[in-house]
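**Q** Residue numbers (our numbering), protein chains in the order written: chain G, 4 to 210; chain S, 4 to 210.
Since the hints were derived computationally from the structure, they do not count as laboratory data. Treat the hints loosely; a few may be bogus.
Remember, identical chains collapse to one label, so a pair may be satisfied in a single copy or spanning two.
In the BS3-like style, the derived pairs of lysine-lysine whose C-alpha atoms are separated by at most 30 Å in a straight line are [unchecked claim]:
| # | residue 1 | residue 2 |
| --- | --- | --- |
| 1 | Lys99 | Lys22 |
| 2 | Lys43 | Lys22 |
| 3 | Lys99 | Lys173 |
| 4 | Lys173 | Lys22 |
| 5 | Lys173 | Lys43 |
Protein chains: 2
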Amino acid sequence: MRRLSHYYRVLEEVEAEGKRLISSHRLAEREGITSAQVRKDLSCFGSFGRRGLGYNVAHLREEIRGILGLDRRWRVAIIGAGNVGTALLAYRGFAKQGFDVVAVFDRDPQRVGQRVGELTIHDTREIATHAAEQRVDMGVIATPVSAAQEVADQLVAVGVRAILNFAPRKLFVPPQVALRNVDMSVELESLSFALAQKPPARRRGSG
Amino acid sequence: MRRLSHYYRVLEEVEAEGKRLISSHRLAEREGITSAQVRKDLSCFGSFGRRGLGYNVAHLREEIRGILGLDRRWRVAIIGAGNVGTALLAYRGFAKQGFDVVAVFDRDPQRVGQRVGELTIHDTREIATHAAEQRVDMGVIATPVSAAQEVADQLVAVGVRAILNFAPRKLFVPPQVALRNVDMSVELESLSFALAQKPPARRRGSG
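Generate the whole structure from the sequences, applying the supplied hints.
**A** Here it is, written out as structure tokens:
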């Protein structure tokens with residue numbers, strides 16, 4: 004899947020450059036994968052390049068687009084209208100990748116009823132009714148850690164099949180629900196670890 | 004490193020519960036690692052539990068905290084004061100993990116000079132002078148894709164040793180610079196892929 008994402012990105016770049024054909028070598032670029040691996044991946048879903056010519060960029064891009072589900076629209080609920088949730092509401096990447104935010108929830112009575120863009124913030128207790136009404140496909144959890152698992156359970160109960168979790172804790176969901184985590188705190192720890200290891204050899208003038 | 008992060012999180016939890024000792028079994032919990040691996044990891048930096056008693060929670064936590072560099076403060080510059088950058092400025096997790104935002108840059112003349120919290124937005128062209136003056140340890144790249152590599156180069160030139168990149172593209176930095184990527188678009192693709200694979204077997208009442 005990660006490799007498909009990578010191929011898709013390269014194909015978009017190459018298409019923007021106005022090229023019509025691409026080699027497996029170019030598709031492998033930068034990702035530490037071999038062109039043999041590329042050819043194997045692509046043959047798995049029936050796409051074959053022509054020897055010496057390569058793959059048709061537009062065709063391959065459309066094919067991968069379909070496999071990645073990027074040719075459809077998905078309905079998203081954001082739970083938690085704090086800093087992270089609000090930033091996500093403004094995040095244009097969602098729409099660009101086929102995700103339309105159709106509902107926002109928060110449990111803070113001060114926020115409930117307020118409008119954000121074209122949506123009204125609903126009480127988290129209304130997930131069961133409002134998210135079902137809105138036929139939500141994916142839930143984005145941007146709540147405090149303490150509420151995250153309960154919200155995940157509510158989303159699962161209402162039939163949501165994908166969850167993007169921003170709360171820095173491990174969530175438990177049934178196997179049929181896809182779960183991805185964006186954990187800033189782990190990334191930050193990794194960087195502070197690196198900073199702590201390295202001697203502060205500054206290449207600065209006045210510092 | 005990821006395992007250390009995990010141990011640290013468990014130790015924080017356990018300390019909050021008021022416990023003074025922890026077993027290697029509990030430290031291994033949830034991560035698909037064995038207690039033997041935990042003991043090996045911890046022995047690497049000279050920490051040994053007592054047979055049948057376990058590890059001293061407070062002591063082990065402090066030790067790992069030091070190794071992860073979380074016992075110090077790091078100085079951060081955020082480049083890009085758009086949606087992502089602004090959300091990050093408000094993100095409390097930075098300070099909690101030892102990162103103080105000391106500079107913000109943007110190249111939009113409408114934003115340069117404006118105040119965000121206690122900081123004034125500087126022109127991206129001033130990275131060389133202002134980031135050096137502010138002794139920045141880490142740069143957070145929240146620019147559009149097209150500007151990201153150039154900004155990374157500027158940060159590296161000014162002696163920044165860690166970069167957290169939110170722009171959805173691969174950046175090239177010298178080996179002595181630690182780089183972590185938070186790529187929302189890859190996570191979203193992974194979820195739309197999962198949604199596209201699964202039959203929409205909704206367990207909803209009215210939907």
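**Q** Sort out which numbered hints this structure fails and list those numbers smallest first.
**A** Nothing - there is no hint that the structure violates, so all of them hold.
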